[in-house]
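For this one, chain A is given, so just place chain B on it according to the hints.
Those protein sequences? They're chains A and B, same order as listed.
Numbered according to the numbering used here, the first sequence spans residues 21 to 434.
Numbered according to the numbering used here, the second sequence spans residues 447 to 789.
No wet-lab data here; the hints were simulated from the structure.
Among the hints, erroneous ones may be present.
Each computed DSSO-like pair below joins lysine-lysine, with the alpha-carbon atoms no more than 27 angstroms apart [stated by the list, open to error]:
| # | chain 1 | residue 1 | chain 2 | residue 2 |
| --- | --- | --- | --- | --- |
| 1 | A | K97 | B | K692 |
| 2 | A | K97 | B | K600 |
| 3 | B | K632 | A | K93 |
| 4 | B | K453 | A | K153 |
| 5 | B | K692 | A | K93 |
| 6 | A | K93 | B | K600 |
| 7 | B | K453 | A | K133 |
| 8 | A | K36 | B | K453 |
Facing chain A, according to a computed beta carbon distance under 10 angstroms, are these residues of chain B, among others [claimed, not checked]:
| # | residue |
| --- | --- |
| 9 | K544 |
| 10 | F669 |
| 11 | E681 |
| 12 | V690 |
Ranges between beta-carbon positions, derived for each pair [what the hints assert, rightly or not]:
| # | chain 1 | residue 1 | chain 2 | residue 2 | range |
| --- | --- | --- | --- | --- | --- |
| 13 | A | D79 | B | R596 | 24 to 34 angstroms |
| 14 | A | S161 | B | N545 | 18 to 28 angstroms |
| 15 | A | N58 | B | P774 | 47 to 57 angstroms |
| 16 | B | A758 | A | S161 | 30 to 40 angstroms |
| 17 | A | N58 | B | A582 | 43 to 53 angstroms |
| 18 | B | R596 | A | E134 | 34 to 44 angstroms |
| 19 | B | I597 | A | H141 | 40 to 50 angstroms |
| 20 | A | S161 | B | Y626 | 30 to 40 angstroms |
All figures in this text were calculated on a predicted structure; none of them were measured in a lab.
Beta carbons: idealized from backbone N, C-alpha and C, even for Gly.
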Amino acid sequence: MVNLEIKKMYAGYGRKHVLKNINMNVEHGDLLGVIGPNGCGKSTLIRAITGVVNSIRGDILLDGRSVREMGRKDIAKKAAVVPQNTFIGFPFTAWEVVLMGRNPYTGRFESLKEEDYERAHRAVKITGIEKLKERRVNTLSGGELQRVVIARAIAQDPKLLLLDEATAHLDIGHKIEAMDMIKKMNREEEVTVVSVHHNLDIAARYCDRLVLVDNGRIRTIGEPEEVLTPGHLRAVYGIEAEVHENPWDGTLYISPIDRKEIDRTYKKMIHVICGGGTGRKLLKTLVDKGYGVSAGVLNAMDTDMERAEFLDIDVVAEAPFSPIGKERERDNLRKIEEAETVILTDFPVGPGNLINLTAALEALRMGKRVILIEKKGIEVRDHTGGEATGLYKKMVENGVVVVTSVKEVVGMIA
Amino acid sequence: MKRSFRKRSVTTFVLLSLILFVTVMASALVGSPGVDISFARVMGIIISGLPGVGKMLPDYSGTDVIIIRQIRLPRILLGVVAGIALSVSGTSMQGIFKNPMASPFILGISAGAAFGAAVSVTLGLGMYVLPAVAFASAMGTGLMVFGLGRIHGKTDVATLLLAGLAVNFLMQSLTAYLIYLSPPEKRTSIIFWMWGSFNGTVWKEFWIVLPVVVAGILIVYVFSRELNVLQLGDESALYLGVEVEKTKMILLGAASLLAAVVVSFTGIIGFVGLIIPHATRIITGPDHKKLIPAAAVIGGIFMVLCDTISRASGEIPIGIITGLFGAPFFIYLLLRSKGETGW
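With the rest of the complex left out, here is chain A (with noise of 0.2 angstroms):
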């Protein structure tokens, strides 16, 4: 049983505190993620719990019991620490070094017993390094030597395991493979974790709570939900980002966005009939070359939707998967009113949506200039038995403009 509390922590090195006023606690079984930017203190905070920096003030309690009053051994028969990368100065065998773990257990005129090979064993067949084992270590790979020294911890016997970005040199297959592994010895052998991460998603996606460090002082601990908001990663980190949900396993993921300065004086109004995702990249590309863009009418929901929510456009939007009623369509003629060209993607048509190609007509009959990107023909888009097509046709009438590409578009509105 693992508990760890620190209680007003100062650490760091030499006279300069690298940490202020920590004070945080780690429940048995916990699964904490430490984040925080660069030279924030995160990898401080690691070497603090287990009393290796050389200046630090204040409590910090593994099981009740202060960290400053145990031996080396007694601080290494309760945690074990994964570092970023390990150099072995000579040659030992993968197996040498998993034996390593078992020091703490080790006296000074004693040599490895029975049981050493056993706990030795078994952290050689949780991380799956069997085929490792006589190996030397020089000529391992990153990822292979990596996985060793989590062998080495794991023979350690922790009941706190500390990773300070344990796996931030891994490549993604491994990166999973370790989180994964390290999950599971968290949840069936219930070894406390706390693991350092530059890599918000993989934190996000593996840790119950994460606590997020700037210029060495605690700014939040709570569930990822709790800490990653964009208003946390715009005062810690300086970006600004979208949080999502991942709509497999409901983690959270980040994306950043390039919110370069936006300019607000728009060259001209389009306004952009699409939907079920046909509009994407034509939205985005608007947005881009500085275009005020509006674009309706879109259900909530709908993948056109989210997109132009992302880009903060202008929408008339109506309740997800229901037919557009008067109101917004009264609403979608007023944005085509206001802009100077309507666009128009070959979305799918049906009868809910099919109050779009009315309006597309509508602008033509305003005068407005109208350009459909077709990809696909009115045919195979028709659900509605024929109405849309007839639709189609009083639009060619009426002098809609067809081409087939984005970029054709925005040569032609430039």
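Coordinates of chain B only, in the frame set by chain A:
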């Protein structure tokens, strides 16, 4: 599998010890040019001289008994002990510095001893005082480097290395200055001392050196697991429960003591402490539990062989022989093992 592993390293050790024994015996047969004693007589003289055995055998007499018992044997056995000491010292230093280029003399032990010897010769102190002065100077130099290498209460390996380099040069310059000031005959004896020799070893020297070396080796061996863990880096070693500072201090002390006590009696013998750990690592791998005993015995064998060559060649200084014969052998090992052990 781990059993056979252990068995194999024990076998290696026994085999090496046997080779050492044979080497010692063979060396006792070899004398200065012109002195020729038969195999049977040499063996008889040695065996009858063993405590407890002597009374059961007819006693030997004559100058050859004195040559074997009072000249060759103490010299050969001091060679064994010196080889063991320098080799274990080098192994320990390479482990502490995590660097295969480290040698027993990295803290300035040899330069310090040489300075002490030069002072003794210059002042005309007796031949029994010289080792004491050399030893004191060697340990003093080592302590100075150690003190300089510590920052913020931590032994920083890089700083230690640089401090060792600087102090080495300082002591060498001081020694050279003394040589420069000395009259020719003293100059010669200082220079000869610096090349190392087992010539004229008496039992008393062997009995002084032996207990110190035994103690030093035991200390290093007891810390062999810590030496292994230190190879993962100081921080990782701390995480694995090693009191890194304490361990380093003890090991640096023991390794320096081993080198200093030998060098102050024999003069500077290079190469052994640098190369034997390497050569042994090719055979045993880097695990200090196996490496230290094997390196000790191989160091002993190598030193006796070199001293035998020295004796047979009319006392070419041993410091010259070790490099002259050891270097080509080591290059051969390197070429053979290319890529297998990583060094």
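Is B:K453 within 27 angstroms of A:K133, Cα to Cα?
It holds: about 16 angstroms lies between the C-alpha atoms, which stays within 27 angstroms.
Less than 10 angstroms between beta-carbons is the criterion; does B:F669 satisfy it with respect to chain A?
Since the shortest Cβ distance to chain A is 8 angstroms, the answer is holds.
Go ahead and decide if the range 30 to 40 angstroms is satisfied by the Cβ distance of B:A758 to A:S161.
Since the Cβ atoms of B:A758 and A:S161 sit about 52 angstroms apart, the hinted range of 30 to 40 angstroms is violated.
Whether the CB-CB distance between A:S161 and B:N545 falls inside 18 to 28 angstroms
holds, 24 angstroms
A range of 24 to 34 angstroms was offered for this pair. Does it hold for the Cβ distance of A:D79 and B:R596?
holds, 29 angstroms
Given the proposed pairing of A:K97 with B:K692, does the C-alpha separation stay at or below 27 angstroms?
holds, 19 angstroms
Would the hint linking B:K453 and A:K153 be met if the CA-CA limit is 27 angstroms?
holds, 19 angstroms
Does the nearest C-beta of chain A fall within a distance shorter than 10 angstroms of the C-beta of B:V690?
holds, 8 angstroms
Against the 27 angstroms threshold, does the CA-CA distance of A:K93 and B:K600 hold or violate the hint?
Holds. A:K93 to B:K600 sits at ~19 angstroms (cutoff 27 angstroms).
Is the hinted pair B:K692 and A:K93 satisfied, with a Cα-Cα distance of at most 27 angstroms?
Distance of about 14 angstroms is within 27 angstroms: holds.
For the hint 34 to 44 angstroms, verify it against the beta carbon of B:R596 and that of A:E134.
With a Cβ separation near 41 angstroms, B:R596 and A:E134 satisfy 34 to 44 angstroms, so the hint holds.
Under 10 angstroms, Cβ to Cβ, is where B:E681 needs to be relative to chain A, so tell me if that hint holds or is violated.
With Cβ-Cβ at 6 angstroms, under 10 angstroms, it holds.
Hint violations for this structure: numbers 3, 8, 16, 20, all remaining hints satisfied.
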